[in-house]
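A.B. asks: Spelled out from the first residue to the last, the chains are:
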Amino acid sequence: MADLLNALVLFSNFVLIPSVTYGAQLALGALGITLIYAILRFANFAHGDTMAFGTMVAIFLTWAFQAMGLSLGIFPVALLALPFAMVATALLVLGTDKLIYKHYRNRKIDPVIFVMTSVGVMFMMNGLVRIFIGTGDIAFADGSRFLLRAREFRDMTGLDEGLALRTTQVITIVVAVGVMAALFWFLQKTRTGKSMRAFSDNEDLALLSGINPERVVLVTWIIAGGLATIAGVLYGLDKSFRPFTYFQLLLPMFAAAILGGIGQPIGAVVGGFVIAFSEVALTYAYRRVFAYVGPENWDPEGLFQLVETEYKFAISFILLVIVLLIRPTGIFRGRIV
Amino acid sequence: MSDTAAQNGQPAAWWENPWLLFAIMGGLLAFTGFVQSWLLALTIVQLCMISAIMALGVNVQWGYAGLFNAGTMGFVALGGVAAVLASAPPVAEAWSAGGGRIVLAFVFLAVVIVAVVLARQRLGSLARSLATLILIVAGFAIFTQLFEPARDAVEAVNPAQSGYLGGMGVSILFGWALGGLFAAGAAWVIGKIAIGLRSDYLAIATLGIAEIILAVIKNEDWLTRGVKNVTGLDRPVPYEVDLQTDPGFIEFAAGLGAEPNVAAGIVVKLAFIALFGIVLITMVYLAEKALHSPWGRMMRAIRDRPAAASAMGKDVKARHIQAFVIGSAICGIAGAMLVTLDGQFTPGSYQPLRFTFLVLVMVVVGGSGNNLGSVLGGFLIWFVWVQSEALGTLLADLASSTLAEQSPLRDSFRDAAPHLRPVLMGLILVLVLRFRPRGLLPER
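Quick note, the sequences are listed as chains A and B, same order.
Residue numbers for the first sequence follow this note's numbering, beginning at 1 and rising by one.
Residue numbers for the second sequence follow this note's numbering, beginning at 1 and rising by one.
By construction, these hints were calculated from the structure, which means they are not laboratory data.
Just so we're clear, the structure is a prediction, and the values are computed from it rather than from any experiment.
All residues carry an ideal CB built from backbone N, CA and C; glycine is no exception.
Be careful, since some hints might not be right.
Covered by chain B, according to a simulated footprint, are these stretches of chain A (three or more residues, beta-carbon under 8 Å) [claimed, not checked]:
| no. | region |
| --- | --- |
| 1 | 100-112 |
| 2 | 115-127 |
| 3 | 168-178 |
| 4 | 310-323 |
Okay, derived cross-link-like pairs now, SDA-like style, lysine to any residue, Cα gap no bigger than 25 Å in a straight line [unchecked claim]:
| no. | chain 1 | residue 1 | chain 2 | residue 2 |
| --- | --- | --- | --- | --- |
| 5 | B | Lys218 | A | Asp3 |
| 6 | A | Lys108 | B | Arg305 |
| 7 | A | Lys312 | B | Arg305 |
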């Protein structure tokens with residue numbers, strides 16, 4: 001019995017909790033992608049670098065707050081910087097919309113031109129972030145590192161395996177749940193949210209019923225920019241900040257959005273968790289878990305790792321391909337294929 | 001490219017004359033030669049030519065067919081692998097340690113894949129799913145058992161020097177053709193899956209496949225030495241050192257009134273340029289022939305009016321796969337040429353910004369659908385890419401000249417200079433798409 005519990009704790013500590021955390025971060029990013037797709041109808045390649053931009057602003061503010069001697073106790077100061085960074089990012093994406101995308105939107109141009117333009121925007125944001133903050137790894141989480149240490153857990157339960165809860169993991173999950181609840185409430189209950197959904201479902205009918213498209217687009221960019229910043233800051237707190245990593249998050253985020261059904265917010269959330277769980281669970285070496293579950297005194301050979309860690313991108317890609325082949329609309333019937 | 005049908009046949013404006021634009025490009029390069037150095041100018045020309053070939057490949061995909069490939073980097077890297085596998089000498093010890101077993105493992109894998117395909121074709125629905133699952137799980141498990149010990153044995157052979165199977169030990173020029181084949185094969189598989197879906201999905205899928213190809217190259221040490229790099233590759237032109245010590249060459253250089261080492265550098269670069277020029281000119285010729293053949297007109301018709309083309313009985317998906325495979329093959333050839341020029345294979349140097357999106361900028365700026373435009377874009381954008389770093393450093397020095405010698409800002413300006421490049425490229429892409437969507441040399 002104790003062996004089984006140990007195996008369970010080991011699994012939770014190294015697979016379940018990390019993948020729920022990572023899944024929440026991916027889901028927040030994928031929500032932004034999916035909202036832009038639903039309203040503006042293109043795949044925004046600049047989203048990863050938007051995340052990087054928002055996180056960069058949050059890091060600068062964090063440093064400023066730290067220099068002023070601010071502290072949030074056990075929580076990282078970055079949480080205080082987050083709202084300001086969200087505003088800055090929202091302003092940035094609104095600026096790109098006004099200067100760049102609006103022109104094409106007014107002319108109803110082919111979506112692939114939008115995608116290509118977003119590649120240009122990606123280039124610019126990428127360069128700007130690297131100019132301001134460099135290309136290296138930056139850890140900006142302060143406060144206490146753990147809410148529950150592995151040793152405390154072992155003392156508490158008497159098990160051999162420990163379960164650690166990092167502060168950033170708890171923050172990620174709490175913030176993500178809060179943000180998602182607020183977003184779904186907004187989309188379902190408020191007038192603006194309803195007009196966004198109407199616009200996404202049928203643009204012509206929405207226009208006929210008097211919805212102001214520019215207002216819908218404006219709100220969409222603000223939300224997407226805010227979500228990108230939250231996702232980026234949470235990811236950066238949990239792991240670390242590095243511009244190239246954020247660019248690489250683009251693939252799992254796209255995969256999450258498409259897997260869930262592109263244009264469907266609930267799909268992005270489910271997709272994010274599916275992708276994250278697959279990535280973590282398939283690249284984890286189960287050797288010690290099997291040692292507990294297997295017969296007494298059995299020391300299994302090999303790592304029992306299904307996929308090497310280097311190939312974790314391949315997992316989101318393969319899931320994406322499977323979905324595209326079997327059910328191109330994704331789990332929750334996305335918009336257009 | 002969106003409404004070419006309406007604009008075809010309209011006379012070109014004088015500034016759209018390719019001769020004029022290429023003359024300006026030549027002037028820029030000559031300026032570099034006079035002001036900076038001729039060696040630098042020739043180095044830029046070499047990479048301009050390779051870039052132009054990549055741009056021609058992407059033009060077949062984006063310009064002819066309207067396919068947005070966000071994974072050019074992967075095909076370019078595959079070309080590099082081909083150059084290594086063609087030219088590196090085989091490592092006999094590694095082959096005897098586990099080469100045969102690796103081949104066996106992959107033959108087994110191929111058998112499993114064939115069995116899965118057959119099972120899916122022949123069996124009923126329930127039996128089909130069951131057989132697929134069993135074949136994949138069992139096949140993967142047996143493959144791992146066969147492959148992993150063999151791989152470890154190969155990688156253990158003298159890891160500091162080799163640790164891989166090596167190549168075929170033939171001329172690296174053969175690797176250029178092989179690079180095209182590798183890229184074409186990969187493109188065919190991905191095309192089968194992703195083409196026919198919405199355009200953005202193709203972009204996302206290709207973005208993913210490029211990352212995976214690179215992950216394989218970086219981690220499968222038995223095949224490519226991974227991040228340990230392969231250096232000292234075969235070279236189709238003489239080495240500078242050999243020329244400098246050759247009495248005949250010293251005399252030749254003295255006859256020209258040049259330093260032997262400078263002359264050697266220039267001669268080697270010119271030899272590469274001649275070699276690349278043959279490929280580039282052949283490619284431009286073939287691409288033009290293809291574009292102005294019934295096939296080219298059909299491709300453009302499919303791009304502009306897919307529904308109408310489909311109604312005329314054209315197989316849109318098959319044509320798109322064709323364009324995708326051809327374009328990728330050209331990128332693969334360019335990738336092999338690039339590795340030849342470097343003389344080494346360094347997987348860490350493949351960056352999506354540099355090898356995927358930069359090539360896209362070249363095609364869009366040059367003029368989507370226009371082959372000469374792609375060549376021009378390849379030259380111009382590569383030139384700007386290289387020189388903008390020099391410009392950035394210059395600006396940084398100017399900006400910091402007012403600062404104290406030890407000012408930390410001075411360093412940060414210098415560090416920031418190379419990152420101006422992506423900003424500039426993004427700006428160029430956005431501005432061209434906005435104000436001159438048909439590029440410098442519009443499609444005719």
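A.B. asks: A separate judgement is required for each hint: does it hold in the structure or not?
C.D. replies: Now for the hints, and whether the structure bears them out:
{"no.": "1", "hint": "100-112", "in the structure": "holds (count 6)"}
{"no.": "2", "hint": "115-127", "in the structure": "holds (count 12)"}
{"no.": "3", "hint": "168-178", "in the structure": "violated (count 0)"}
{"no.": "4", "hint": "310-323", "in the structure": "holds (count 8)"}
{"no.": "5", "hint": "B:Lys218 / A:Asp3", "in the structure": "violated, 38 Å"}
{"no.": "6", "hint": "A:Lys108 / B:Arg305", "in the structure": "holds, 17 Å"}
{"no.": "7", "hint": "A:Lys312 / B:Arg305", "in the structure": "violated, 39 Å"}
Comparing the model with each earlier hint shows violations of hints 3, 5, 7; every other hint is respected.
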